Structures are given as C-alpha cells and as structure tokens.
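Chemist: So the chains spell out like this:
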Amino acid sequence: MTGLHARTALTLAALAAALAGAALLALMVGTRPLAPAQAWAALVQPDAADPAHVVLRQLRLPRLAAGLVAGAALGMAGVLMQAVTRNPLAEPGLLGVNAGASFAVVLGAFLFGVNDSAALSALAFPGAALAAAAVFVLGGAGRGGAGPVRLTLAGAALTALLMSLVGALVLVRTEALEVWRFWVVGSLADAGSRPLAMMAMVALAGGLLALALGAALDALALGEEAARSLGARTGWVRAGTLAAVTALCGAAVSLAGPVAFLGLMAPHLARALVGPGVRPMLLAAGLIGPLVLLLADVAGRVALPPGEVRVGVMTALLGGPVFILVARRMRLGAPA
Amino acid sequence: MTGLRAENLTLAYDRRIVVEGLTLALPAGRVTAILGPNGCGKSTLLKALARLIRPQAGRVTLDGEDIHALPTRAVARRLGLLPQAPIAPEGITVGDLVARGRAPWRGLLAGWSAADEAARAAALAATGLTDLAARPVADLSGGQRQRVWIALALAQQTEHLLLDEPTTWLDLPHQIEVLALLRRLNREQGRSIVTVLHDLSLAARFADHLVLMAAGRVLAEGTPEEVLTPGALEDAFGLRALVIADPVTGTPLVVPA
Amino acid sequence: MSRGLSLLAAALLLACLLGLAVGEVLLGPADLWRGLLTGEGPGGFTLRVLRGPRVATGALAGAALGMSGAIFQSVLRNPLAAPDVMGFTAGAGLGALAVAGFGAGAGLSVTLGAAAGGAGAAVAVALLALTREGLVPLRLVLVGIGAGFTLTALTGFAMTRLPGPEAMEAQRWLSGSLAARTWGHAGQIALTALPLALLTAALVPALALLEMGDDLAAGLGLRVQRARAGLAALGVALAAAAVAVAGPVPFIALMAGPLARGALRRAGTAGPGAVLAGAALTGATIAVLADLAARAAVPGVQLPLGVMTGILGAPCLLWLLTREMERGGL
Chain S
1 MTGLHARTAL TLAALAAALA GAALLALMVG TRPLAPAQAW AALVQPDAAD
51 PAHVVLRQLR LPRLAAGLVA GAALGMAGVL MQAVTRNPLA EPGLLGVNAG
101 ASFAVVLGAF LFGVNDSAAL SALAFPGAAL AAAAVFVLGG AGRGGAGPVR
151 LTLAGAALTA LLMSLVGALV LVRTEALEVW RFWVVGSLAD AGSRPLAMMA
201 MVALAGGLLA LALGAALDAL ALGEEAARSL GARTGWVRAG TLAAVTALCG
251 AAVSLAGPVA FLGLMAPHLA RALVGPGVRP MLLAAGLIGP LVLLLADVAG
301 RVALPPGEVR VGVMTALLGG PVFILVARRM RLGAPA
Chain R
1001 MTGLRAENLT LAYDRRIVVE GLTLALPAGR VTAILGPNGC GKSTLLKALA
1051 RLIRPQAGRV TLDGEDIHAL PTRAVARRLG LLPQAPIAPE GITVGDLVAR
1101 GRAPWRGLLA GWSAADEAAR AAALAATGLT DLAARPVADL SGGQRQRVWI
1151 ALALAQQTEH LLLDEPTTWL DLPHQIEVLA LLRRLNREQG RSIVTVLHDL
1201 SLAARFADHL VLMAAGRVLA EGTPEEVLTP GALEDAFGLR ALVIADPVTG
1251 TPLVVPA
Chain Z
2001 MSRGLSLLAA ALLLACLLGL AVGEVLLGPA DLWRGLLTGE GPGGFTLRVL
2051 RGPRVATGAL AGAALGMSGA IFQSVLRNPL AAPDVMGFTA GAGLGALAVA
2101 GFGAGAGLSV TLGAAAGGAG AAVAVALLAL TREGLVPLRL VLVGIGAGFT
2151 LTALTGFAMT RLPGPEAMEA QRWLSGSLAA RTWGHAGQIA LTALPLALLT
2201 AALVPALALL EMGDDLAAGL GLRVQRARAG LAALGVALAA AAVAVAGPVP
2251 FIALMAGPLA RGALRRAGTA GPGAVLAGAA LTGATIAVLA DLAARAAVPG
2301 VQLPLGVMTG ILGAPCLLWL LTREMERGGL
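Those protein sequences? They're chains S, R and Z, same order as listed.
When the count follows our numbering, it moves up by one through the first sequence with no breaks and lands on 336 for the last residue.
When the count follows our numbering, it moves up by one through the second sequence with no breaks and lands on 1257 for the last residue.
When the count follows our numbering, it moves up by one through the third sequence with no breaks and lands on 2330 for the last residue.
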C-alpha cells in the first residue's frame, strides 16, 4: 500500500509542478508577451507606472485565478458526477447546471437588458443552483431516493427544456441573442469584473465537502446495497454530493461561462494516472482541470491573432480529439 | 471427417492469446461437456466452434469443410449456439421469441411457413412450454426462461447445438432439469450437443464425453471415468479431490479434499 | 394493423386536421372540409398554399426522424439513443451555419447544408469508432460524444464571428423550421424518406435478431457487423432526409420511439416492425403539433419548430421516465 501511496503522491506532485508551469505561461503569453523575469518582478515588486506590470496585475492575474478556480471546480465536479451516477460518461452539465445558468443569463438579458459581465456572472450562479435543485427533486429525491439512472434522465430532460426556452427567448429578442452567443462559449477574458473572491470561497466549500465524501463515494461505487452494508447512508451521500457538485459547477459557470467537456475529460485522465479511488481522483482532477483550462486559454490567446479564441471553444477543440483517441484505445468488445 | 472439429486452433483477443494449438474432435451424436477453470478459454473455444471468432491460426471444420468458408446462413442451419447472456426483447412472448429461432430458414421477404410453425410447435413441446407460449418471457422463472432459450435453439433445427454455461444462475433442481432436457434431446432427436459446464459431477452424470481444459489447452478428454481423475483435477484446477462413484448413477463424483 | 398502431394513426390524423385548421385564420370544420375536398372557399388558399405543404412536410420529416431514432434505440439497445449519438445533430448545426452564415457551398440551401453536415459527422464518427473489433456500440457512443462536443464548440465559435443579423438568421436555422415550406419540400421528403423506410422494413428481421445480443444473432445466421452498419446508415440517411427539409429539429428522434413503445405495449406486445412504424407515426404527430404550437404560441412571432419540440418534448420525456420508473422499468 505504501508504494501505491508514494506513487500517487509523486503523480500529484508532478501535476502540481506542471500546473505551476502553466500558470507562469498564462501570465507571460498574450498580445503583450512578458519575459519570466518581468512577470516575476510584476508579482513581487509591482510598479504602477510600468504598463506591463499593470497588464499583468489587472488583467492576467485575475484571469489566471479564475482559470485555476473554474478548472479545479469542473475537474472535481466531474469526478463526483461519475461516482454518484456510476456512469463513466456523466459530466457536470448533466445536472442541468449549464442549462440553468444559460437560462438565467438569457432571461436577464431578455427581461432587463442585462449585458455586463459582472451582472451575467451574478445571474449564472443562482440559475445553475436552481436547475441542479430541480433535477434533484425531479430525479426522485422522495420515495426510494434519487437513483443514478433517474438523475441522469431528469438532468437530460431539464437541460433540453431549458435550452429550448433559451432558443425561444433569443429568437424573440435580438439583444438576448447578442449576449448569449458570446457568453455561451465560455471565456476567462473578463475575469477581473467577476465575483472572484466569493466564487472561490463557494468552490472551496464544495471541494472540501467533496473530499469529505470521498470514502462514502468509494463505497457507493460498489452498488447501492453493498454501500449500505458498508455503513454508508446512501441518500445523504447522494444529497451531499449533489450539493458539492452544485457549488463547484455554479462557481465555475459563474467565473468562466459554460466550459464544456472539461468535467468529462479530467476524471478520465485522473483515473488513468491515479487509479479509481475517489479521493486521489478528486485531487488529481482538481489539478488536471486547471492545467487543461489554462493551457487552452493560453492557446486561445495565440491561435488567431489579433483576436482570441474563447476558452470553452479551445477546451472542446483540444479535448474532443483526445477523448476520441482514448475511446479508440479502450478495451470494450472482448471479455476480460 | 464428419462432425465438428478444431484443428490446431489458436484464438486471441487483440494480441492476448487465449487458446493455442488446440486440436479436438467432438463426437457426433453425443453429449459433450467442456470443463475447466475460469479463464481457461472454454467459452472462447465455443465461440470459435460457432464461427463467432475468426481463428488466428488453424481452423474449425464442419463435416470436413472450413467453417469460415461456408456462408453464414448455411452454418446457422447446421449449428446453433446459445450464448451465456442472451437478451430477451422487452415484452416479448415465449412463442414470439422461439419463432426468432427460425431466422436462418426464412427468406428475406418470406412469410411464416407451415414448416416454421411445425418447428416452433415441436420446440415448444420438447421443452414443455406449449402451454406457456402466450406468456411474456419476463413473467417466467429462471428455469423456465432457460428452457425458452433452448427452445429457440431447437426451433433452429440444427444437428449441432452449442451451449455456453446453460445452467449458471439456476438452482440445483433447475440445473438438473435443463441437463436432463439436453440429454433427452440428444437421445430422442440424435442432435450433437456441446456444452460448457461448471459443475464437474453434474457434467459426469449427464455427458457422454468430457473435455477438460486448462490454460488454453486440452488436458484430457474421454469418458467421465477417464477424465475425472484426482491427478487431472489437480493439474487443471490445482484442486486436491477424491473421486468416488456416485451412489445413484455410478458416474464419477468429485469430493474436494 | 394492431390496435396500438391504429390508435397512433388516428392521433396523427387528428393532429394533421388541427394543424390545417388552426393558424392566423381559424377554419371551422365546415370550411376545412370544403377546402380539403374542393380546394375552394375560405379555406382553399390557406390549405393549398400555406398550411397544406407545411403540414405534409412536417409530418413526413417527423416520421423520418421518429423512425431514425427508433432504429438507433434498437441497434444500440439503449432507450435513449438517437442519431445524436453519432454526432448527427451537432454536425447538422455546423453544416447549417456554414451555409447560412458564411456562404459555404454556394447554391446549397441551408437545410441541405445541415443534412450534409449531419451525415458527414455520422460517417466520420463511424470511421473513427471502427476498430479491429468492428463497430462496438459503446465505442460508437463515446466517439460520438467527443465529436459532438467538438462540433458544438465550433458552432459556438462560428456564432461569435457573425454580425448580429446573420447570427439571428443562423440561430433560426439551428433549431429547425417549417416556415414557408412548399409542395416541393413535401415532394422531396416523400421521395427520399419513403424508399429509405421500405429498405428499413426489409431489415426488420435483422433488427429482431440484433435485439437478442450479438452472439445469438450471429448464431442465427446474421452478419452482425454488416446488419448493424446497414441499419445505422439507414438511420442517418432518414435523419438527413428530414433535416434537408426542416433543419436540425431536436428531440423528435429521441422521443418518438419511447412514446410509441409505451402506447403499443399498453395495447399488447410490440415487435420491432411495429415499433418502427409506431415511432414514425408518433414522430409525425409530434412534428405537426409542435409546429402548430410554434405558430400559435407567441402572437405575431413564428418560433422555429425545434424550439417547440424541446419545450413540449422535455416534460413529455420526464413524464415517461417517471412512469417507467414507477413500474420498475429502470
């Protein structure tokens, strides 16, 4: 066992080092590239008169922080969703969070003409949370508890409903479409204007709850009855997990918009690196998520100069082919 | 060169070799049971015999012809397979499910013929399911359900019938019921039956010919008395056991030591 | 025809009559009857030029989508499968956008662009999912998901690059629409979907075998890989035929099969042939009703069909799931 733990620790350390590298890259790369020494100087000895320092502290630093929080939150939420639904294809969006946030944002734009980044960000979180709560109730929190299949289906149905409503609203009012089509691809660019500190706290609470539930989720992976016989109170575990997912995803969608795919991809990479235990997977996915997100964000900044490709697009463009490659290599057909 | 034979057969999933250089002649008109520890390749062998897997080397022959050189439907008219976990479509009745066994005999646009109906009726009668024909399969007990799948294979009217662990998940009376049915089909209708089984003593009771496999090879074959020896069991399963005469039938009875 | 199918056919007939009668000009039963029989009277023009082709196109496209979904549900043995699992809808959206917003493939209509995009995505997914083991259903689904995410992201990206008015137009196309359909559209979908439906009917026996698992089907003389590929190709072609006249309408393919299955089972047992026919009838009914709702929901605004299929379909799906669950089906 000690050997295994040592290997996991080593893997996590390597991921953390890679993440630190990606963070440095995120500070340096952009329309105004900075050398590592400059970036360092701006961090430790800021000079308000140096425009490079201003760019770094006011634009890139919040952007980096938002990327770290949103990426870690999505990676961990993905692990939780797959554990609680016992479905390797589950992703946080299945709980309806992205659709709920979309609907809230569009409704705000439709009814009140909301279009600034801070207000949209503030709308996204309650939208996401309400949708998740609705899925939990529809998924049968009552009699018999929320089974994994039922949750998945309720999430899919609510997502479809909300996205259709979004479709109707944006077609009736042009302003709503204008807001929505830019918000929906996900971006870290306006991070400075978003409620960074608050969402970081929310995500932290969700992350701690997730880690606390790790052992119970390991038991749940063996099936409902086995989990009960191991002493897990499955109803509460599920409710707690969904609360954690809601906090994590709500924070992520509020900070970065609906970044697709990361929540699905990070758990798969994490499982390949540290094995199937929920707690090591949470830690690994919490590092892989921001690593991928920051790299996608950096790639988006340099892909199509002078503009930027938004981070949600870059994540799916980079992640989709990787996921297909993984799927091709998986052993599925032959019996073990 | 009649019957079903495996000649120097090597079977693999991707690069993992499961069965290597296996040669085996399955006696025509008899009940053969294939035995062996989990993962020894017995189910894989059965699939290869049924033409579901293409061998990496060697071949399977049916009455002397390479089974992969024959058309799919032609094989399906001579050789039936009941896999380990067939899926009953939702809401289907016993009669409708058994009728699907007629697939290899029906043309693309042909209707349900008198011969089809006769085959279905005979299959239902042989398995004692005639009275249950209109019932949904989902309402039946495990033993009855297994009889429905066997009836489907019977309606296929093949001279060879291959079954992959047909008694798994059944309680002892139902295991005996299924095996007795298979032997009766063999004795009364002359079909050659090859079945993968787990229970050694039951296999000895109901099969004429045993094939004992381990690690992708045939360790021993012959009558139950010839195959089920303490030495062979030790070699195949790593199991120390006594073999005594079954007090009821006189066939070998394996008693783990 | 079984009792269940007769019921579904009656529902479709009712939906069509409703679709013809209701709109900005409301036709009473007498006017509707006279217009249908003679083409004269107050309803004549409305029926012949405005609503007739629209209802016919909608019904046929809905039927094709319903059948397509039912094929995928049987072939993949998954009650929630649809051509979407092969990235079809995502590809269709990108195809529509490429034509509508960026003028790709000059001369191609937007809907044809969508059909080409959808079919192209499905073929690409099938090729990417093909390994030495053949087409394994689960791998197909996985690759389809990966491709779907990528294509959706590209669509989202393309939307951010469009000027406002073009974005509005593209958004309209992205959800599918039956506005301003002519008899030409109805003829096009009839000529493409009917032969495909006949081919599908010829493969019903293969579908019946596939339902019981690959091994048993192969043991009964079916060439499993070939049958599965053929059926999936028909499913994609049917969806493409529908999308070519109505745009990428969501939800009908997913919903028609389970609804039809439920109705048919209540009226007795259902073989794969009856389920396919039932899904076609149900899909047609949903399309006609959803289009009616899209015309009538917001006065003065014609919403696209696809918006309404989602708004109507989602509660329907939820209800279905809940019922299924209470009976212990899931």
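Keep in mind that the hints were calculated from the coordinates and are not lab data.
Quantities reported herein were computed from a predicted structural model and do not represent experimental measurements.
Think of the CB as a built atom: it goes at the ideal place given N, C-alpha and C, for glycine as much as any other residue.
Don't take each hint at face value.
Between beta-carbon pairs, the in silico distance windows are [to be verified]: (1) Z:A2201 to S:L211: 52 to 62 angstroms; (2) Z:G2103 to S:G235: 27 to 37 angstroms; (3) R:Q1056 to S:A18: 39 to 49 angstroms; (4) R:E1226 to Z:A2201: 34 to 44 angstroms; (5) Z:A2201 to S:P321: 32 to 42 angstroms; (6) Z:G2164 to S:M198: 26 to 36 angstroms; (7) S:A18 to Z:F2102: 35 to 45 angstroms; (8) S:L230 to Z:R2161: 25 to 35 angstroms.
Just some of the chain Z residues that point at chain R, by a computed CB distance under 8 angstroms [stated by the list, open to error]: (9) G2219; (10) A2229; (11) A2233.
Which stretches of chain Z does chain R cover? Using the computed rule of at least three CB atoms under 8 angstroms from a CB of chain R, they are [as the list claims (entries may be wrong)]: (12) 2204-2214; (13) 2221-2228.
Chemist: Please go over all the hints and tell whether each is borne out by the structure.
Modeler: Checked hints:
Between A2201 (chain Z) and L211 (chain S) the C-beta distance comes to about 56 angstroms, which sits within the given range of 52 to 62 angstroms. Separation of G2103 (chain Z) from G235 (chain S) is about 56 angstroms and departs from the stated range, judged on CB atoms against 27 to 37 angstroms. In this structure, Q1056 (chain R) and A18 (chain S) meet the distance hint of 39 to 49 angstroms, their C-beta atoms being roughly 41 angstroms apart. For the pair E1226 (chain R) and A2201 (chain Z), the supplied restraint of 34 to 44 angstroms is violated, since their beta-carbon distance comes to about 55 angstroms.
As the Cβ distance of A2201 (chain Z) to P321 (chain S) is approximately 38 angstroms, the hint placing it in 32 to 42 angstroms holds. Checked against the hint of 26 to 36 angstroms, the pair G2164 (chain Z) and M198 (chain S) passes, with Cβ atoms roughly 33 angstroms apart. Our hint of 35 to 45 angstroms for A18 (chain S) and F2102 (chain Z) holds, since their Cβ atoms are close to 38 angstroms apart. A hinted range of 25 to 35 angstroms is violated for the C-beta pair L230 (chain S) and R2161 (chain Z), which are about 53 angstroms apart.
Interface hint at G2219 (chain Z): satisfied, since its Cβ lies 3 angstroms from the closest Cβ of chain R, which is below the 8 angstroms cut-off. Hint status for A2229 (chain Z): violated, given a least beta-carbon distance of 15 angstroms to chain R, over 8 angstroms. About 18 angstroms separates the beta-carbon of A2233 (chain Z) from the nearest beta-carbon of chain R, more than 8 angstroms, and the hint is not met. Taking a C-beta to C-beta cut-off of 8 angstroms, the segment 2204-2214 of chain Z contributes 6 residues in contact with chain R, enough for the three needed, and the coverage statement holds.
Under a criterion of three residues with beta carbons nearer than 8 angstroms to beta carbons of chain R, the stated coverage of the segment 2221-2228 of chain Z is upheld, 3 such residues being counted.
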